[in-house]
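> What follows is each chain in one-letter form.
2 protein chains.
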Amino acid sequence: MPVLKYSQTQPEKVSDGIERRLVHTDSLMTAVLDLSGGPKSEPDPFHSHPHEQSCYIASGKVLFLMEGEDPVELQTGDMFYVPSGKPHAIQLLSETARLVDNFSPIREDFL
Amino acid sequence: MPVLKYSQTQPEKVSDGIERRLVHTDSLMTAVLDLSGGPKSEPDPFHSHPHEQSCYIASGKVLFLMEGEDPVELQTGDMFYVPSGKPHAIQLLSETARLVDNFSPIREDFL
Numbered sequence: 001m002p003v004l005k006y007s008q009t010q011p012e013k014v015s016d017g018i019e020r021r022l023v024h025t026d027s028l029m030t031a032v033l034d035l036s037g038g039p040k041s042e043p044d045p046f047h048s049h050p051h052e053q054s055c056y057i058a059s060g061k062v063l064f065l066m067e068g069e070d071p072v073e074l075q076t077g078d079m080f081y082v083p084s085g086k087p088h089a090i091q092l093l094s095e096t097a098r099l100v101d102n103f104s105p106i107r108e109d110f111l
Numbered sequence: 112m113p114v115l116k117y118s119q120t121q122p123e124k125v126s127d128g129i130e131r132r133l134v135h136t137d138s139l140m141t142a143v144l145d146l147s148g149g150p151k152s153e154p155d156p157f158h159s160h161p162h163e164q165s166c167y168i169a170s171g172k173v174l175f176l177m178e179g180e181d182p183v184e185l186q187t188g189d190m191f192y193v194p195s196g197k198p199h200a201i202q203l204l205s206e207t208a209r210l211v212d213n214f215s216p217i218r219e220d221f222l
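Chains A and B supply the protein sequences, listed in that same order. Quick note: the first sequence uses the working numbering, first residue 1, plus one each step. Quick note: the second sequence uses the working numbering, first residue 112, plus one each step.
Be a bit skeptical, because a hint or two may be false.
Cross-link-like lysine-lysine pairs, in silico, DSS-like; alpha carbons within 27 Å at most [stated by the list, open to error]:
| # | chain 1 | residue 1 | chain 2 | residue 2 |
| --- | --- | --- | --- | --- |
| 1 | A | Lys5 | B | Lys172 |
| 2 | A | Lys86 | B | Lys116 |
| 3 | A | Lys5 | B | Lys197 |
| 4 | A | Lys61 | B | Lys197 |
| 5 | A | Lys5 | B | Lys151 |
| 6 | B | Lys197 | B | Lys124 |
| 7 | A | Lys40 | B | Lys172 |
Here are some of the chain A residues that sit facing chain B, going by a computed Cβ distance under 10 Å [to be verified]:
| # | residue |
| --- | --- |
| 8 | Tyr6 |
| 9 | Val23 |
| 10 | Asp26 |
| 11 | Met29 |
| 12 | Glu69 |
| 13 | Ser84 |
Calculated directly from the structure, the hints in this document are not laboratory data. Built from N, CA and C at the ideal position, the CB exists for glycine as well.
For reference, chain A alone in the conformation it holds in the complex:
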């Protein structure tokens, strides 16, 4: 069955304070990121990728930064999106947060 049950799935530990669970089809990937260890005093480094990205803030609070734009504080229910190749970053503003990150094409580097 093409589902992922959160409580029955072991996350991948991406780094200290980041756990990831993901699903994908041919051209679409959705990754649930559980962040901990916040609040952080500064943003993570800017990064970019050819993949288009959208993100839903499922819980917590983050600062979203994108090249050429004013930083904006986002919380549960809010979304951001990133065109192909655009440098962006986040800063965790709450103790924990959950982000639902979507990519097209899929992030082969996550598999």
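Chain B: place on chain A using the hints.
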């Protein structure tokens, strides 16, 4: 700024019991669906589309049905995904639910 703030955005009323807020890039769309009027006694009609789809259950409980698969109950934190063209449906099992639906390519019919 490429963000959508939930509390500052008026939803589109898709139908009785379905409100939608969405963002998109060229090839990726994310739609937050707020469902109400549940629990329902039967699933919505099966439907299909060429767009690949993934979905994160942000709150509530739904039954996910896909052609050729056993129905599966999903709740907050769970995900499902749908290959291009595959018939699928959901049934709202809680009073309300929030689904984060992702599509690639974008649903031009939602714009």
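> Tell me, in ascending order, the numbers of any earlier hints that this structure violates.
4 and 7
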